Amino acid sequence: MSRIKELFEKKKKELVSIYFTAGFPTVDSTMQILSALQENGTDIVELGMPFSDPLADGPVIQHSSEVAIKNGMNLDLLFEQTKEMRKSISIPIVLMGYLNPLLQYGLDKFLKRAAENGFDALIIPDLPIREYEMQYKPLFEKHGLQNIFLVTPQTNEERVRHIDKISNAFIYLVSSASTTGAKDKFATEQENYFKRIASYKLNNPLLTGFGISNRQTFEQACKYTNGAIIGSAFIKALEKDNNIKSVVSNFIHSIVKEKVA
Amino acid sequence: MNFKPDKYGYYGEFGGAFIPELLHRNVEELQQQYEGIIGDPAFQKEYADLLRDYVGRPTPLYLAKRLSEKYSTNIYLKREDLNHTGAHKINNTIGQILLAKRLGKTRIIAETGAGQHGVATATVCALMNLDCIVYMGEVDIKRQAPNVARMKLLGAKVVPATCGSKTLKDATNEAIRDWINNPEDTHYIIGSVVGPHPYPDMVARFQSVISEEIKKQLLEKTGKENPDVVIACVGGGSNAAGAFYHFLDSPDVKLIGTEAAGMGIDTGHTAATLAIGTPGVIHACKTMLMQDAYGQITEPYSISAGLDYPGIGPLHAHLHGTKRASFLSITDEEAVKAAFLLCRLEGIIPALESSHALAALEKVKFQKHETIVVNLSGRGDKDLETYMNKMNHEQN
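Protein chains in written order, with this note's numbering: chain A, 1 to 261; chain B, 262 to 657.
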């Protein structure tokens, strides 16, 4: 059974998923942050592969990507740094990034190395379902890597059900029509949207992302979905303090009530 | 050979719609509706009336006698510089604003490089009483100040793009992010034949009025509706797409696009995408683009803000790949020289962008009997400061 499936079998509520950008704040911080996240009870990690033009991201993640690229982060280095990660890291890790760097690297080679290093799935925001199904699906299947799709408030029921059918890990529920970035709370219309999606009783678990920044938004998201993904707020915390261990510990515990692990 | 996109927006291997799910509904709505709306006779009439009475079309096709003498051939200038707002950009914004109204949108966003598309968008928004937000790179805001002032005067809000190279690419990123954040009420008027399907095709259709008129005007003037050569500059490539459009299926018409070489294609300061680029995905479109070994998009450079773009429309990538059109790289210096020449020979001050097309006249040998059409896409008022600096520099 895949690591992601196993996790959702074991734990159905309040899953904490953290996004961070590889190579930020420093080029060597990737593994340190991964280890600290695991130690503090993070359930899933989304590891961002920095891109020069991250269209779906707000200013915080854009900035972290810019810094990471300047720091010298690239796909070869990332695969080198994470070569032995499965010796110490057992939680699922999803690679998240934009399509162009993967095409330039060679999608086949990229997926092969990702699978070899023990990554569990991919999130590629600018690889839409149509293009995925038309051109790239066989490659993902060849390497046994799941592609995770997004659902937004504008996604209609038919399309949500189609996404559910072709997904085999979890569905990424985008909390609102926006680029990534922290928000303080969710409005009623977002709650209604969460309820609408929950009412479909989908086969795949749901994780909510975009705009989760604190305990309040985390708990609201968890009311209707299996957990939440936090990115920008975590990156902001990393920006403020260079002691990775304490930043991660303080951040995770500001989101969840008690130590999960 | 086919130069129309398939139903998914592919010109051969280039095109498509690599959009985040967040834009799916907006883009799908456009994909499903644009052909029906544009094909509607009522739309066509409204569009044609505005082009005639408001934009001032048809624009003249002018036989440039002294320029022709210099190059010993017959050179016609398609005077897109004489359009209202000073460039071809308004052909597209008129079309898209009418489309946006039919889609019930109330808020318009746009990106702009040289500011010509921004001005053309601000203009039609004033005309139609719609909110207008224009994203423009911080660098471009400085070097195209007159157009920034025009947009503000027309009631548009100009928002600086402060990331990356702070030019057209970054302005486009910001406009796409705005659209993601405002999916219900907003229409994004892309200014070139770039972006996700259906934009490259939609913008090419709105610009195709250029070649439609060239055919009619040439027939009147020469008795033949096809020229031997059509020359146009290419950044994203909208004026070239419009000037080439009705000649694409006539292989006897030679098509030449000119890219901005900046300081030279090997200097690292260039925007000549086809000369040094490789296939990839930029702004939701698979096309040729300038990138490093890891697929990070390279910051382009050109003296001309309108050509300062690291990608190119998928139609042009396809025309290049199939060799239906040839593409030349023109340096800053060559473009400025061509601009000065046109000023002195014909009394026309061309935009820096269009000067890249004029510079091709120095590089290609023409026969005495041939008919050459150069698309003069815009006028040079916005570039006076750059021209004056160059002129003073030459005199010193």
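Accuracy of the hints is not assured; some may be wrong.
[Unchecked claim] Derived Cβ-Cβ restraints for the label pairs, each shown as a range: (1) Leu364/B with Met134/A: 19 to 29 Å; (2) Gly365/B with Lys185/A: 42 to 52 Å; (3) Glu473/B with Lys137/A: 37 to 47 Å; (4) Arg86/A with Asp446/B: 44 to 54 Å; (5) Met524/B with Asn192/A: 48 to 58 Å; (6) Lys201/A with Leu364/B: 26 to 36 Å; (7) Ser511/B with Ala187/A: 23 to 33 Å.
[Said to hold, decoys possible] Pulled from the structure, derived: some chain A residues nowhere near chain B, Cβ distances all over 12 Å: (8) Asn40; (9) Ile69; (10) Tyr105; (11) Thr180; (12) Val247.
[What the hints assert, rightly or not] Cut-off 25 Å, straight-line C-alpha distance, at most; resulting in silico cross-link-like pairs (BS3-like, lysine-lysine): (13) Lys427/B with Lys70/A; (14) Lys265/B with Lys476/B; (15) Lys137/A with Lys165/A; (16) Lys137/A with Lys268/B; (17) Lys185/A with Lys5/A; (18) Lys185/A with Lys195/A; (19) Lys236/A with Lys427/B; (20) Lys165/A with Lys201/A; (21) Lys265/B with Lys482/B.
Bear in mind the hints are in silico, worked out from the structure with no lab data behind them.
Model, not experiment: these values are computed from the prediction.
All residues carry an ideal CB built from backbone N, CA and C; glycine is no exception.
Here's how the hints hold up against the structure:
The hinted range of 19 to 29 Å is satisfied by Leu364/B and Met134/A, whose Cβ atoms lie roughly 26 Å apart. Distance hint for Gly365/B and Lys185/A: a CB-CB separation of about 30 Å, inconsistent with the stated range 42 to 52 Å. For Glu473/B and Lys137/A, the hinted distance range of 37 to 47 Å is satisfied, since their beta carbons lie about 41 Å from each other. Between Arg86/A and Asp446/B the Cβ separation comes to about 48 Å, which falls inside the hinted range of 44 to 54 Å.
Under the hint 48 to 58 Å, the C-beta atoms of Met524/B and Asn192/A, about 55 Å apart, fit the expected range. Remark: the range hint 26 to 36 Å for Lys201/A to Leu364/B is upheld by a beta-carbon distance near 34 Å. For Ser511/B and Ala187/A, the hinted distance range of 23 to 33 Å is not satisfied, since their beta carbons lie about 56 Å from each other. Listed as outside the interface, Asn40/A is consistent with that label: its C-beta sits roughly 30 Å from the nearest C-beta of chain B, beyond the 12 Å cut-off.
Against the 12 Å criterion, Ile69/A falls within the reach of chain B, whose nearest CB is about 6 Å from its own CB. The beta carbon of Tyr105/A sits about 6 Å from the closest Cβ of chain B, which is not more than 12 Å, so the claim that it is off the interface is violated. In this structure Thr180/A is not separated from chain B by more than 12 Å, as the shortest Cβ-Cβ distance comes to only about 10 Å. The non-interface label for Val247/A is consistent with chain B: the shortest C-beta to C-beta separation is roughly 25 Å, beyond 12 Å.
A C-alpha spacing of about 17 Å is found between Lys427/B and Lys70/A, which places the hinted pair at or below 25 Å, so the restraint holds. A hinted pair counts as satisfied when its Cα atoms are at most 25 Å apart, and Lys265/B with Lys476/B qualifies at roughly 19 Å. For the hint pairing Lys137/A with Lys165/A, the CA-to-CA distance comes to about 14 Å; that is within 25 Å, so the pair holds. A threshold of 25 Å between alpha carbons decides the hint, and for Lys137/A with Lys268/B the separation of about 20 Å falls inside it, so the pair holds.
Distance hint between Lys185/A and Lys5/A is unfulfilled; the C-alpha atoms sit about 30 Å from each other, more than 25 Å. Simply put, Lys185/A and Lys195/A have alpha-carbon atoms about 16 Å apart, close enough for the 25 Å limit, and the pair holds. A hinted pair counts as satisfied when its Cα atoms are at most 25 Å apart, and Lys236/A with Lys427/B qualifies at roughly 23 Å. A threshold of 25 Å between alpha carbons decides the hint, and for Lys165/A with Lys201/A the separation of about 12 Å falls inside it, so the pair holds.
With a CA separation close to 29 Å, the supplied pair Lys265/B and Lys482/B exceeds the 25 Å bound.
In the structure shown, a violation is registered for the earlier hints numbered 2, 7, 9, 10, 11, 17 and 21, in ascending order.
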